[in-house]
Structure formats: C-alpha cells, structure tokens
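*Asks:* Could you build all of it, start to finish, from the sequences and the hints given here?
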Amino acid sequence: MSTRLSTHGRLIDRSQTIKFTFNGKWMRGHPGDTLASALLANDQMLVGRSFKYHRPRGIVASGAEEPNALVNMGKGPTFEPNQRATTTELFDGLTATSQNHWPSLEFDVGEINASLSRFLPAGFYYKTFMYPRAFWKHVYEPFIRQSAGLGQAPKDRDADTYEHFYAFTDILVIGGGVAGLQAAKAAADSGAKVLLVEQSSAWGGRAMVDQVDSETVNDTPVDKFVEEITAELAAMPNVTMRLRMMGAGVYDHGYVLAYERLNDHQPDADGPRHRLWRIRAKQTITATGAIERPLSFAGNDVPGVMLASAVRDYVVNFGVSPGDRTVIATNNDDAYLTAIILKKAGLDVPRIIDARPEGGGALMEEAKALGIRVDLGRAIAKVKGSRRVTKVQICNQAGEGGVLDEVACDAVAMSGGWSPVVHLWSHCGGKLLWDEGHAMFRPDGDNPPRGASGEGFVRCAGIANGAMDLAAVIADAHEAGKAAAKEAGFTPKRSKAPAATSRADAALLPVWLMPQGAKTELRAKSWLDFQNDVKVTDVQLAAREGFESVEHTKRYTTLGMATDQGKLSNINGLAILSDALGQPIPATGTTTFRPPYTPISMGAIAGEARGEVFQPIRRTPMHDWHDANGADWEPVGHWRRPYAFVRPGESVEAAVMREVTNTRESIGLLDASTLGKLIVKGPDAGRFLDMLYTNMMSTLKPGRCRYGLMCTENGFLTDDGVVARIDEDTFLCHTTTGGADRIHAHMEEWLQTEWWDWKVYVANVTEQYAQVAVVGPKARKLLEKLGGMDVSADELPFMGWADGTIGGFACRVYRISFSGELSFEIAVKASDGQAFWDALMEAGSEFGIQPYGTECLHIMRAEKGFIMIGDETDGTVIPQDLGLDWAISKKKEDYLGKRAQERSHMTDPNRWKLVGLETVDGSVLPDGAYAVGPGKNANGQRNMIGRVTSTYHSPTLGRGIAMGLVQHGPDRMGEVLEFPGTDGKTYKAKIVSPIFYDPEGEKQNV
Amino acid sequence: MRRYSAFAVAREALRYHSGWERAWASPEPKKKYDVIIIGAGGHGLATAFYLGKRFGIKNVAILEKGWLGGGNTGRNTTIIRSNYLQDPSAAIYEKSRSLYETMSQDLNYNVMFSPRGVIMLAQTHHEVRGYQRTAHANALQGVKTEYIGPERVKELVPIININGPRYPVLGGLWQDRGGTARHDAVAWGYARACSDMGMDVIQKCEVTGIRRESGRVVGVSTSKGEIDCDKLGIVVAGHSGVLADLAGFRLPIESVALQALVSEPIKPCMDVVVMANTVHGYMSQSDKGEMVIGGGADGYNNYTQRGSFHHIEETVRALIETFPMISRLKMLRQWGGIVDMTGDRSPILSKTPVDGVFINCGWGTGGFKAIPGSGYGMAELIAKGSSPLTDAFSLNRFKEGRFIDESVAAGVAH
Ligand SMILES: Cc1cc2nc3c(=O)[nH]c(=O)nc-3n(C[C@H](O)[C@H](O)[C@H](O)COP(=O)(O)OP(=O)(O)OC[C@H]3O[C@@H](n4cnc5c(N)ncnc54)[C@H](O)[C@@H]3O)c2cc1C
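Quick mapping for you: the protein sequence lines, in order, are chains A and B. The first sequence begins at 0 in numbering that gives the first Met the number 0 and counts up one residue at a time. The second sequence begins at 0 in numbering that gives the first Met the number 0 and counts up one residue at a time.
It should be emphasised that the hints constitute simulated quantities derived from the structure, not laboratory data. A few of these clues could be false.
[What the hints assert, rightly or not] Partial chain A-side listing against chain B, Cβ under 8 Å, derived: (1) Asn81; (2) Thr519; (3) Thr536; (4) Val651; (5) Ala653; (6) Met905; (7) Thr981.
[As the list claims (entries may be wrong)] Below are the DSSO-like pairs computed for lysine-lysine, each with C-alpha atoms no more than 27 Å apart in a straight line: (8) Lys350/B x Lys430/A; (9) Lys281/A x Lys492/A; (10) Lys143/B x Lys987/A; (11) Lys398/B x Lys897/A; (12) Lys935/A x Lys143/B; (13) Lys758/A x Lys784/A; (14) Lys74/A x Lys153/B; (15) Lys223/B x Lys203/B; (16) Lys398/B x Lys889/A.
[As the list claims (entries may be wrong)] Which chain B residues stay away from chain A? Per the calculated CB distances, all over 12 Å, these: (17) Pro28; (18) Thr144; (19) Pro149; (20) Asp183; (21) Gly188; (22) Asp227; (23) Val241; (24) Val353.
A virtual CB, placed ideally from N, CA and C, is assigned to each residue, including glycine.
*Replies:* See below:
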C-alpha cells in the first residue's frame, strides 16, 4: 500500500493536519502536500480512468507531466475539471472527484472497452460506424462523445477574477532549479534586470531530491547552496523572483507568456486567482529541466507503476511511500537512486531490473551494498494486477518475453532515461539535435529562435540544454547567464562557475521496448500514452498502414494528444515509429511544440475584461438623461444609442411612430454626438480630401458644408457624411457612428503609406463635442427663443454653418438635414452637452418638443430617399448604383475608387440600382427579401433580380415604404415585382421613385 | 483496395491487425502525368479524386512538399456550413455540404461528418437584418436555413449567455444540416481513394519550378526531380503567391496567420456549432470533448505557422462573454495556419495566364467546408475548361470588378 512515512517530507509541515475529500471520502494531509502526495498518503493510488478503454489509472508522475491524476475540483462557481493532482497544492476543505467513469471509479461499465480493446485499435473509427448513414449522427457519435471527454463541464459563471501584467526585463529566466538560479545569478551580476520564475512552490528543483545527500557545490551541500543563492538573488535590487509562475509560451520578437497561479492554493484569499504575464525580454533563458521517460513493457499502465523519479519525490519531498515493495526497472543509473532512497527509508526493494547487460556504475555498487538484488540484462515481461500492481514477471531484455521469474510487489519504479524540456525553446522555431549518448533530443544551440536582428533570443541552461550532471549543469547555467547578459548589452562579471561534484554514471542503454523482441500480445499491452490509451501496437499499425510522418501517426493514433501533450509519450512513441519504419530517430523528428507548456486557464487569458468591461461602452454626454427618459437602447459600434424614447405604457413601435409624426409636425431632438467628427488640417487638406471623397472638396468655401461620399480602392461606397470647411486649411469631416474609427484609420493609412509627404494632420474629435440635431418646422423658432446668433435663412442658409452662441452656449451650428425638415445640427463642448440639451427641452416644451431615436431617424431619411451606409450599402455597392452620380466630381483626375468604378462590371447597365418600392397592398415588405425573375441559373438557384435594402411603415404616408436595389431598376418604374418571404408568402411591390416625401425639398430649405 | 467495415476490423482483431495494408501507396514519381496537382491538402486531393471519378482522368500525380493534409486542412476548426449570401458562394458551398453528407460512404472512410447544426449569432440590429437577408437569399438558392429568435438559440445551446451586458443575443441564423467533420480523415480518405484509382500521391516532394514552353506548361521541377505534365493544378492555399510566382504570374492574394485553440476535453456540453461574429469568435465541441475555438486572422502578412497571442486573448475573451462557463476550462494547445486571403474574401478557381495551368486558392479562413464541392467543380474546370460551379470565381473577376463579397453577411467567415 501507499502510506505516509514517519521520516522525510522536506516540503510538508507535519505539525498541522488539513482535511480534504476525494469522491466524497474525507482524507487528511499536511500543508505542503500536493493533492497527489496526499492521495498516496491515504493509499489512494487509483485516481481515474483512461480516455478510450476506461482502464484504471494511478498516479505516475510528480509534476506537470502527469497524464492520469486529473480530477474535478471545487463546486458551483469555483468548479473546475481536469485539475492535475500532482501540481495542485493541498488546502483545507479541498474537494476532488475522479473523472471519466460510470457509475464509480472502482466499477466503471466503460471498462468493457478494455476487454474489447483488441477490436478497437488505433483509428478503428475511421474504418467503421459508416453504415447505415444516419446512424453516425444519432447513434454512434453520441455514444463516442459520451464515453470520451474527461472532466465534467462547469455549469456556473466563474466566481474568480483574473488579471494581466506587462513586464519588461533584460533577461527572463524560466525555471528555478539549480540551473535557473545559477543562470539568474550570473546574469544579474552584470547589472541586468532579471526576472526569475518557477512553476512550483519551491526553489531548487530536482537537485533538492537527487543531489542533496550526495553532492556539493562550492563544497557546501546542495540544499545549502540553493538556500544561499536564493537569498543572494532575493537581496539584489535588479532581480525579481516569482514562484508558482510558469513560462507558458515563447512568441515572436522575444514575447513570452507566463502564468502565475496566485490563489489556487489559497482559494479564500483576496485578489485574482491567476495572473497572465506578457513579458518582453531581451533574452530568455529556459532552465526548465528534464522529464523522465517511462519504459514500454506490458502492463506499464497498471496503477502502482510510476516514474522512478516520482517515487523518490514522494518519499523525499512529502514523506510518502507509493508502495511497500517497489521493483525498479531501468536502463540507466539514475533509477538506482530511487532504490537507495527507498531502502534507506526502510522500504523493501525486492529487485532492480536493469536492461543493461553490464549494469551501472557507482550507484549500482551502492545499491548492492545495501543488499538490493540487481538483475542485469533483464526486463519486465509483464506487470500483473488490475487496480493495483501485484507482481512483475521478469524476462531477458534480449528475448521475446519468456518468463524467468516472478516478484511480488505493490509498486514499480521505471526509468527509460531523461528528455530535456525543450518546449519553450521550440515554440518559436528553436531546432533540436539528437543526442545519441543519452538517447534524447536537446537544443541545437546554433539554431535558436531568432528575433528581428537575426540573433537568437532564447538559450537553454542546465539539463534542459542537455547537461547531465551537477557540475556540468552549474557550469552551463553560469555561461548561459553571462552570455545572455552580454547579448542584452551588459558586461558580465569575470567569474567562474561554482565548482560542483558529479556522479560518475555508466552509460544508458536505449530501450524503447521491453523486452526487445516482445511478442504481439505483450506489445498490445505496452502503453505509450496512458491517458489516450495508445499502445506500441497502435504506432506499429499506423506505420504499417502508411502513416509514416510523425504528424500522421500522432493524429491517427492520438499519441501525445492528451492533456500532457505527450510529455511522457512522445519520445517513446517516435522511437517505436522509427523502428517500424527502419529509420533513425532524428529522421522521424518530433511533432511541433505549441504553447502553452501546460494548460492555462481561459479566465487568465481573458483577464479583467469581462462583463460590463468586456468592451468599454461609449456614452454620449446625454446618455444618463436618455436612460432616465425611456431610451430603448441599441448598440451601434461601441456606442449605445436610443432606438426610441418609450413612454410608460407605450410600445416601442408606437413610440417610433409618435416621434416621426411629432418631428415632422413640430419639433424633435436627436442626440447626434456619436457621429464621427474628424478634423483634417494642413495646407494639403483640400487636396487630400479630393482624393478621399468622390466629390470636390477643395473648392468648398469656408462657412459652407458639402455632403460627401467615400469609396474603397475597389470603388465600393464605404462611408458618407457632411464636410464643413472651417478655414482655408481646416475641414471637419462627419462620418457615420460606426465609421469614425475606421475612417480615421483609413485616412491615416493613406497619409502614412502613400501621401506621407503631404502636409495634413487628422485628429478624431468625436468625443470633444456634444452634437444635437434640432429638427422640424418649429426648429428655428426654438433657437430664436433661446436667443443668440442669427439663424435666419439669410444669415445661415441651407448647407451653411456658423459659430456663435445659443441660449448662452458657445456653439457651432450646421444647417444640414437628414430628415427633410428644417434642421440645425448644433455642436457644443461635450461638457455643455447635458445643460444645452436641458435648455432645448425646456424652451421647446411650448412647441411640443420631443426627443427621438435612431429608428425615427431611419424612417424620416427613408421617406426622403436618403441612403444609409450599411443599409443601402454592403460593401458591394458603388455610388452610381444609388443614383448618387451628382456627388461624383467629373472634373477630378482621380479619387480613391475612380479607376475601379470604370471596370466593365461596374459600368454594366444591368447592375442593381436604387429604387423605391411600394407594396401593392400597403403592407411592409420583409427586410432583406429578394425579388425573383423567371427561371433558374446554371446552378439551379432561382434567378434574383433585386432586393429590399430598407423597409418601414411610414406614419407620414400611412403605408409601407421601402428602398431596394433592382436590376436596372430606374428604367423599370411602375413594374410590379414579386418578393418571396421566408414566411411562405409572396409579397408584391411596385417600383417607384425612392423619394416618397417632399421631392422638391421645400421643407428643409426654408 | 480492401474495404473497411466493422466486420473487417473484427476479422483483423483476431490476428492483432497484422493484415492491414497501406492506406495509400508511396510511389516514386513517373516521368509524365496527364495532370499534376500541386498540394495534397483537401482541395488538391478532392480535385484529383473527381478528375478520376467524374472524368476518368487517372494518370494523375498529387505532389506534396510535406505530409498530406498537413497544411490548413489539418489545422482548421472544421466548421461546415453553406449559409452564404452570394449566389456563386451558396452554390459551391451547398454542393460541398451535400457531398459531405455521403462522403464516408463514397470514400469508404469514416470522415465523421456530423450535421449537428450551425448557429451564427446576431448581436446587433445590423446583424439581425443581415441574417434575415441571408435567410431570404438561401431559400431561393436551395439552402435550408432559418432565422431564429433568442429563445430558440438558448434552447439549442443551453450553455450560452443570451443576456450579456455588452452584446445580448438578439437571434441567429440556423442551419441544421451544417456541422463538422474530422479534418484528417477527409485528407486521408481522399488520398486512399486516389491511390486506389492508380494515382500517385507523392509526399516530401516540393515543387520548385514550373516549366513552360511558348506560354504553355510542360512540367514541374521538384525536390524529387523533373516531372512532365499536360495540365497543372496549383492548390497550395497559403503558398499560392509563391507558386504563381514560379509560373510567372501574380495573384491578388495575401497570406496571413489564422489561429485556433482547444480546451482540455470535457464531457459533452454543446451539441451545435456557434459562431459569434460581432465579438469575433466561434466554438464547437469535438467528439473527443475539447472545446474547439477560433477567431480572427492576424492583421499582417507572414508565412510562419504561428500567430500573435493577442488574437487568442481577444477570441477567448469574446467567448467567455458568450459562454461564461469556459472561463474555468484551460487552453490545452494553440496553433496557426497560413490562410490565403483575396480582396473579396471569396476563392479563386480559375484558368491562369499560363496555358494548362489552373489555380484553386483564396479559400482563406473558410475552405475546409468547401473541399468536396471545390474538387467537384475544379476537376470539371481542368477537364473541360469551364464549370458552372467555378466560373464566377475566375481571376478575371478582379479585372472586371465582379466581386463576390461575403463579408457583407458575416464578419468572420469560417
Ligand atoms: C486555424 C484555422 C481555422 C480554420 N477553420 C475553418 C473552418 O472552421 N471551416 C472551414 O471551412 N475552413 C476553415 N479554415 C480554412 C481551411 O482550413 C482552408 O481553407 C482549407 O483547409 C484549405 O485547403 P487546401 O487544400 O486549399 O490547403 P492546404 O490544406 O493548406 O493544402 C495545401 C498544401 O500545399 C502544399 N504545398 C505548398 N507549397 C507546395 C509546393 N511548392 N510543392 C508541393 N506542395 C506544396 C502544402 O504543404 C499543403 O499541404 C481554417 C483555417 C485555419 C488555419
């Protein structure tokens, strides 16, 4: 069984006991435990079920590479699936449940898949489930989906908060083991600003387990060295150190993403749960260590089979023994350390099975001296047991698996060698080398990820760089720190790396399969990917079927696609693949390493921006007034605009009708502040606007306004608005509400890329003004009542503007109209907006003033046949389609879109053009309906000859009116078209002029 | 070719699957082919497949510089829908969607087409009107879609938040026969079928030159030597500009990175595909249980198959607004592909200035769904010089201004 020891446990605080539950059962642990160590201390080795075959799964590892120990954690708004027990720090009251089984962890009906596994090899689903056709959607797929998936879906809105940090540093060191500490120190000694991050909750990394008792740095024990260097770093003002912070991804230009878990271990604490750091570092050092490889033997997935390094981690760090009798299986010296530690802790190590005929070096002698039996040239033929290891069968490594011996045990510690953690190095293009001696990929220092200068911006240090023993690790890290400092523009201190001792290990023997000639029955039980249930035979099947690229094999077998992203399985898998293809491992290569290093929360990625502040809402100065006065809000761009001002007891539709009638008969007030206002200024401003607008703007006189159209290079109408010339050098361009930012950017793009030598500036002053449209036959009366500037037709004619005051407010008044009525658009300082609005409302009450919203505006403009960007246009419409030829200057040599508008399809007389549409029965045409002609096209679609672009009930005319684009429509006045609706009805409408109201324009020009 | 079936799998199980043959052959190139297709992505393979199937042209090689299906075909988020607005688009995408319905049976390879339904959310009045318009157009184009209200959206997607403070869901365009498929399987199924017809699928064979004589193609230079051909189809997505350059003409194409990501797998919680174009993100759940998430393309041109992280951030943020529960899931993996964007966001299926050279590209962010339809039409174009499915998508449209602009209907096209 697994249990808590009375010795060891350097990370736990035995003086305190904390309680947690697993599958509803109360258990105890200590502060400093991980959930995994605490589960083991409670003899809970079985922690989950595998993905495909639902096989029992136990804890395999002690860190980020763990594929099996994933649990549902928490409840309600703090529930989270797939939490890795090995990297979850225990806290009081933690609740965890195991995943992917029904009805329970011990008895899972899905386990049936395991006995059928022979019938469900890699990719079987590509070959089956095809007949009958309808069964995929209704039978097969629901079944597959239900049995796949791991944790439960969260149900509630997340109760936690998250935040983003930005950091700029000279040097970023990722990994706080001895290499990271030494590299950080060497770099920081140059005076460079250093940020050092470590994913776990303690400094020192593996050395604190592996080298503490045996080795020294500068003649001090390793733990002492770690303590000292950590304290030195902490005292340096140019060094920032963070625990529980993982380097998640390396991106172009030295951009690094790091993920800090602030409160996962103290969920009741205040503040954000996670913090995402966006770091710009001149140089990044990854000292990310290495991950041990499992061995591929039959039954290597039975709970109780663990990585040898993990077994000693649990003993040393947490005082937990995974098993009472642990058999060691290895192809290298390192695993002997586990045997020695277990033995010294008073546990039984009945056998070390070493695949190497010659065995190992000094560690082997030490183990033997402790009385541990070592079998050389041997392998595990098979592990027996279902929910827990019961014994191992031993065979010759060189053979096919004939059983020579059996050893009873309750745990197996395996080691297939180590693989440097090269993920971060590789994210942005760092290349790898195959190191034959240690049978591993390591960074190719000559091919780092390169920045804009062509120089590398990432380097690796320590075992992550392939340095295998302590002395080499420290020396390598020291050099990496100095080199990074130099590259970042600092002068490293002349210093030597601290001298460290080293273990003299015998060479490793690459063992990719145990035994070497394992028969099919054994290979079919030799697991590569524990979570996804990929076996040796699956990879061999993939190779046989022609999935020769490692990417094909990965996708066909799902090898390495589990939540550990192949941290345990990839190298073993591609060695099997290489063998099957008869090619060396480097010829097969690795799959691509993609961020993040281990999964990071979506909450952290999104950061603070959620809910109300997901995107900031822009508000006009009169926003609160609107809100208090019945505004039915409509999102327009980032703004909110009142769609209508609804009175108590009134429907929205009725409100709109009332607003139209009131504005046409007396007076209405529109908050037009959201309309874009761009100042274009400079000696070349006129020339610039001549290029941007289809109209001639340079000839506009100061004091006058002109309605202008803007097109894209492809000739399509993209925005419209009134341009006012303020003085010789200054224009104010109005844009649509949604268009302000877009058009500003459009102007800047042209100025910066094409006409960079023209003397023009553009400034977006949209928010500097509150703008109110005072509209209706009584508009002038109201302004005269308020008093101030002369707003008579003589002084301020239609399409003129003037500065002055009204009712004591400094303002600029534009005589422009989008409704067909007498209209003044009045801009005041934004800070005066509300007071000005109040003044208008108060003075206007005797004239029947009412505010109106966007829908009223739309109807009034449609009655007048004015087009609306986004309604009549959709990115495929040119001004000529809309009868706006009058706004296109014939005198200009060029403007954006001119050449495009001369292309053959643009001048085709058969283009769809703007018309008015009147339903035969006065009803309202459905929005977006198409008119059909006879017959079908070559692809069997109904021939369409036009469509509705805007459609409303007009209270003014008492009937439905619409605008539309119809194939050479203006030539077809009076024709009745048919519009099939999606409601099954066909609507009939007559083609008429688009100007339904006051065609002579008598009302606006008074 | 050995047929795949549950029975065959069971029989093989008895001998530990030792009897399965290669899914496709791995031949060396011949001296000459009637047609060479460059690019063994979905579109290249489907084109070859239909050349054989519809026109009996089987002396065909498909040349792939890496591994087949390793381009965007193997990187996309597999949304399949045909609720496009413009006639030519609706025609080719609907043809494609309907071919997906029977693809598993046609290829004897389970591509797991899952017509689970696709919703495009309307979150502004503008979008409401846009999708109502699309629904009208689709009805006349023979594409079955429906404009639905917010309650129906909630019914179909229980995990959605329809009352978000920022962009409440106002409705949606629903296509119940849209869905997803297994991307690799599409490439593999076609490769197997092409190989079975005697075509040569040649991987690790990069085309480095396009040989011409008096304005007509005669062959290609490759990393595996010179290969002659009568006709050449360039079907290389993000690298179309590079290949066109080799053939001596230019294309109105920009190549940019488009990214996607997946969460860790969870038990089924969303049965349909949801696209939220206003906030710019979309999500579906794979059969493995991962939430598959995508968003917008990077704003600058490049050929690295990586993207900038801020796009991931924007996408995730948008989707947390739409589906608050995903805040407590974790991102497992992010990746990118290089997509080929045209000015009007519609593809190019066309003859080119070089006689005998045809091009199929410009599918940009949304061409997975088009694979069978595009292959169907493209094969006809290569065989006969014209096809009703492809004619509108010719290169000439840029000269004539005959754009097929889909951005009208949806901000994000996937
Ligand atoms: C992140 C992402 C998400 C997407 N989501 C969707 C979606 O949900 N729905 C959808 O419909 N579409 C989606 N797409 C788009 C879709 O993936 C593509 O439009 C489609 O796969 C393109 O297929 P293809 O065959 O044209 O290109 P590819 O699959 O890219 O194939 C082109 C092939 O050409 C090869 N090649 C290039 N140069 C050479 C040469 N010189 N010699 C030989 N071979 C060469 C390449 O190696 C590659 O294999 C997405 C794309 C991405 C990147």
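*Asks:* Next, verify each hint and record whether it holds.
*Replies:* How the hints compare with the structure:
This hint holds: asparagine 81/A has a C-beta 4 Å from the nearest C-beta of chain B, less than the 8 Å allowed. Contact between threonine 519/A and chain B, as hinted, is supported at the beta carbon level, the nearest pair being about 4 Å apart and thus within 8 Å. A hinted interface residue such as threonine 536/A counts as satisfied when its beta carbon comes closer than 8 Å to some beta carbon of chain B; here the least separation is about 7 Å, so the hint holds. Because the smallest distance between the Cβ of valine 651/A and any Cβ of chain B comes to about 12 Å, over 8 Å, the interface hint for this residue is violated.
At its closest, the beta carbon of alanine 653/A sits 19 Å from a beta carbon of chain B; the interface hint therefore is violated under the 8 Å criterion. For the restraint placing methionine 905/A at the interface with chain B, the shortest Cβ-Cβ distance is roughly 5 Å, inside the 8 Å limit, so the hint holds. The beta carbon of threonine 981/A comes within 5 Å of a beta carbon in chain B, closer than 8 Å, and the hint placing it at the interface holds. For the hint pairing lysine 350/B with lysine 430/A, the CA-to-CA distance comes to about 40 Å; that exceeds 27 Å, so the pair is violated.
For the hint linking lysine 281/A to lysine 492/A, the alpha-carbon distance of about 19 Å falls within 27 Å, and the restraint holds. Using a Cα cut-off of 27 Å, the hinted pair lysine 143/B and lysine 987/A holds, with the two alpha carbons roughly 23 Å apart. This hinted pair checks out: lysine 398/B and lysine 897/A have alpha carbons roughly 14 Å apart, not beyond 27 Å. Using a Cα cut-off of 27 Å, the hinted pair lysine 935/A and lysine 143/B holds, with the two alpha carbons roughly 17 Å apart.
Note on lysine 758/A and lysine 784/A: the hinted pairing is violated, with a Cα-Cα distance of about 43 Å set against a maximum of 27 Å. A C-alpha spacing of about 24 Å is found between lysine 74/A and lysine 153/B, which places the hinted pair at or below 27 Å, so the restraint holds. Pair hint lysine 223/B plus lysine 203/B holds up; C-alpha atoms about 8 Å apart against a cutoff of 27 Å. Distance check on the hinted pair: lysine 398/B and lysine 889/A sit about 23 Å apart at the alpha-carbon level, within 27 Å; holds.
For proline 28/B, the requirement that its beta carbon stay farther than 12 Å from each beta carbon of chain A is met, with the minimum near 17 Å. The Cβ of threonine 144/B sits about 9 Å from the closest Cβ of chain A, inside the 12 Å cut-off, so the non-interface label is violated. Distance to chain A confirms proline 149/B as a non-interface residue, since its nearest Cβ pair spans about 15 Å, more than 12 Å. Not every CB of chain A lies more than 12 Å from the CB of aspartate 183/B, the least distance being 5 Å, so the non-interface label is violated.
Glycine 188/B, annotated as away from the interface, has a beta carbon of chain A within 12 Å; the closest lies near 8 Å. Remark: the non-interface label on aspartate 227/B is consistent with the geometry, its nearest Cβ contact in chain A lying 26 Å away (cut-off 12 Å). No Cβ of chain A approaches the Cβ of valine 241/B within 12 Å, the least distance being about 19 Å, so the stated non-interface status holds. Consistency note on valine 353/B: stated as away from chain A, and its beta-carbon is indeed over 12 Å from all of that chain's, at 23 Å minimum.
In terms of the numbered hints stated before, the structure departs from hints 4, 5, 8, 13, 18, 20 and 21, listed from lowest to highest.
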